[in-house]
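Going down the list, the protein sequences come from chains A and B.
With the working numbering as the guide, the letters of the first sequence map in order to residues 2 to 91.
With the working numbering as the guide, the letters of the second sequence map in order to residues 22 to 463.
Hints were generated in silico from the structure; no laboratory data involved.
Yeah, the Cβ is synthetic: ideal placement off N, Cα and C, and Gly gets one too.
Treat the hints loosely; a few may be bogus.
Said to hold, decoys possible - With a Cα cut of at most 25 Å, we get these calculated BS3-like pairs of lysine-lysine:
{"#": "1", "chain 1": "A", "residue 1": "K56", "chain 2": "B", "residue 2": "K114"}
{"#": "2", "chain 1": "B", "residue 1": "K33", "chain 2": "A", "residue 2": "K55"}
{"#": "3", "chain 1": "A", "residue 1": "K20", "chain 2": "A", "residue 2": "K74"}
{"#": "4", "chain 1": "B", "residue 1": "K129", "chain 2": "A", "residue 2": "K66"}
What the hints assert, rightly or not - Covered stretches of chain A, going by a simulated chain B footprint (3 or more residues, C-beta under 8 Å):
{"#": "5", "region": "30-38"}
{"#": "6", "region": "48-54"}
Unchecked claim - What follows is a list of derived Cβ distance ranges for each label pair:
{"#": "7", "chain 1": "A", "residue 1": "N72", "chain 2": "B", "residue 2": "S392", "range": "44 to 50 Å"}
{"#": "8", "chain 1": "A", "residue 1": "E37", "chain 2": "B", "residue 2": "S32", "range": "21 to 27 Å"}
{"#": "9", "chain 1": "B", "residue 1": "L62", "chain 2": "A", "residue 2": "G40", "range": "30 to 36 Å"}
{"#": "10", "chain 1": "B", "residue 1": "V410", "chain 2": "A", "residue 2": "A89", "range": "51 to 57 Å"}
{"#": "11", "chain 1": "A", "residue 1": "E30", "chain 2": "B", "residue 2": "V396", "range": "41 to 47 Å"}
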Amino acid sequence: MSSTSQKHKEFVAEPMGEKPVMALAGIGEVLGGKLEEKGFDKAYVVLGQFLVLKKDEELFRDWLKDTCGANAKQQRDCFGCLKEWCDAFL
Amino acid sequence: MSFVEDPACLSKSRLESDLVAHNVELPPAGSNKEAYVALHLRHVDQTNAADFSSDDDQEHNVAGEDPEGEKELDPSALTDEDLKALLFKYGVKAGPILASTRAVYEKKLRHLLQSAAEGELNEAENAVLYSDSDEEDVSEGNEDEEKESEGDQEKKSETLEPNQQQRKEKNAPPQKCDFSYPQCFVLSSRLRPCPPRNNEHSSKRNSKNALKSSERTRPHRSQIPAGISKVSSIAQHSGLRSGVPSGSQSVVPSSSSSFSSQAFSITQMVEKESWSAPPACSHSEPEHWSRSSRLDNDIEEGDIIMGQSVYYTPKDSTSVKEIKDPVKDILKDLLPDTKTSPTGIYATPRRPIKGAAQRPIQYAYPDTPVSPTIVERQDVARRLVPVYVQVLVFFALVCILLLIFVNVENTNSVVALLENVNQGPDGEEGIPVLDEAAGGDL
């Protein structure tokens, strides 16, 4: 369908469990490291932030940008990944 | 509870954001935190402490944008509750304001405040613009909104965005009403809820005409809008505002003046098509023109006459049909399923894309018209030897081969086998034959 990456598909295919934050689509090593510094060491912590922001796209993307300096594409990928995961499992 | 924090305790970024929020010039990029603190002390604390008077505005670098309360300008100085309440006033349902979410919400509030401030400036400009161009209701609406907002400055910022939107919406429909009368008979449904706001007689007449024409052309509406709506929208966007008559004039050269006030360019185009072909309609044409000339004289007469004269759709529809028949027949031969269309525009629906734009996936789509080559291929496929014929041929060949085999090789074992197989029906006959054969051979 749309252009989702392999990472996205893998993440959305199953419950995230204890996956590291770098398993999120759009979050690579650099961004993952920055997030871990801020305390978001697991994907579920970022999920927590996503949920606290009430799954709002604009707010979450702003937060991601402020926290780890993600660019627009990375923000979009991460948001999309989490949103789809929530739609499937939450 | 004091909203003022010691600037020295704030972080540099926090000070920076505070200064930005107060529209204070930031010190050069490489300066120390002390510079920020100093500026913060000078400007922000003054605004917090002093009363709001014009003197303050002169002192600060504020560009005259300080209409709201002190606490509202500085999201970072708000409590969580106040921040949440403010965001709610702007229509943002904020989630919990936590340590991790606070920064994001403050940023959002700043955006809203800035856009509100900008909207304030635009509002003044727009009020001037719109009050000149539009009349009565629109300008009154603007004035009312302005009065309301001026009276209550705090509420002004809050209601600014929705007001702006409302105003834009209000302005849009009158403009649409103004310039949609060429396509009234298509958009008459839109015109009905939208009351005729303008004083211009033409628009009123047109809206009424639209209703009447819509009643008459109801059977034809379904066919016309498909082809014409596009044309009308294009016409609208292509600067019809400058001169609505422009479209009609090009089509109706002789009586341009009469139609300048009632420009139904689409009907004219339809009529033109009908007239251009053939003589069948020629008699209607002079009637049309004569009526139009009468229009000039009788502009003040009842709207009903105008409606009748301008919309010849009942007559023209029949004439159009007569003319279009020879043309349509050709197409009907090719595609018998097409609906008739007076403008000659035919369109077959495109096959919907599966799953696109949240369309439900249909697993059975209506059959598309099949091209002749495909039909031929299907016929050819049918004419090839069907399966059962192949099976029959196979068994026939097997029987033939067996018979040949039997005749060629007269071995006892083979004959015996065969006789055993045929023992049921041919029991008595087989054995004497066998004996004879055996006896004959031996």
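Item to check | Whether chain B covers the region 30-38 of chain A (at least 3 residues having a Cβ closer than 8 Å to its Cβ atoms) | outcome: violated (count 0)
Item to check | Satisfaction of the hinted span 44 to 50 Å by the C-beta atoms belonging to A/N72 and B/S392 | outcome: This hint holds: roughly 49 Å between Cβ atoms.
Next on the checklist: Run the distance test for A/K20 versus A/K74: straight-line Cα separation, threshold 25 Å.
Outcome noted: holds (22 Å)
Checklist entry - In this structure, is the beta-carbon distance linking A/E30 and B/V396 contained in 41 to 47 Å? => result Given range 41 to 47 Å: violated, Cβ gap about 60 Å.
Checklist entry - Does the structure keep A/K56 and B/K114 at a Cα separation of 25 Å or less? => result holds (12 Å)
Checklist entry - Are three or more residues of the region 48-54 of chain A within 8 Å, CB to CB, of chain B? => result Held - the region 48-54 of chain A has 3 residues with a Cβ nearer than 8 Å to chain B, which meets the minimum of three.
Next on the checklist: Holds or violated: B/K33 and A/K55, Cα atoms, limit 25 Å.
Outcome noted: It is violated: about 30 Å lies between the C-alpha atoms, which goes past 25 Å.
Next on the checklist: Taking 51 to 57 Å as the stated bounds, is the beta-carbon spacing between B/V410 and A/A89 within them?
Outcome noted: Given range 51 to 57 Å: holds, Cβ gap about 54 Å.
Item to check | Holds or violated: B/K129 to A/K66, with C-alpha atoms at most 25 Å apart | outcome: holds (13 Å)
Item to check | Distance restraint hint 30 to 36 Å, applied to the beta-carbon atoms of B/L62 and A/G40 | outcome: holds (33 Å)
Item to check | Distance restraint hint 21 to 27 Å, applied to the beta-carbon atoms of A/E37 and B/S32 | outcome: holds (22 Å)
In this structure, the earlier hints numbered 2, 5, 11 are contradicted, and the remaining ones agree with it.
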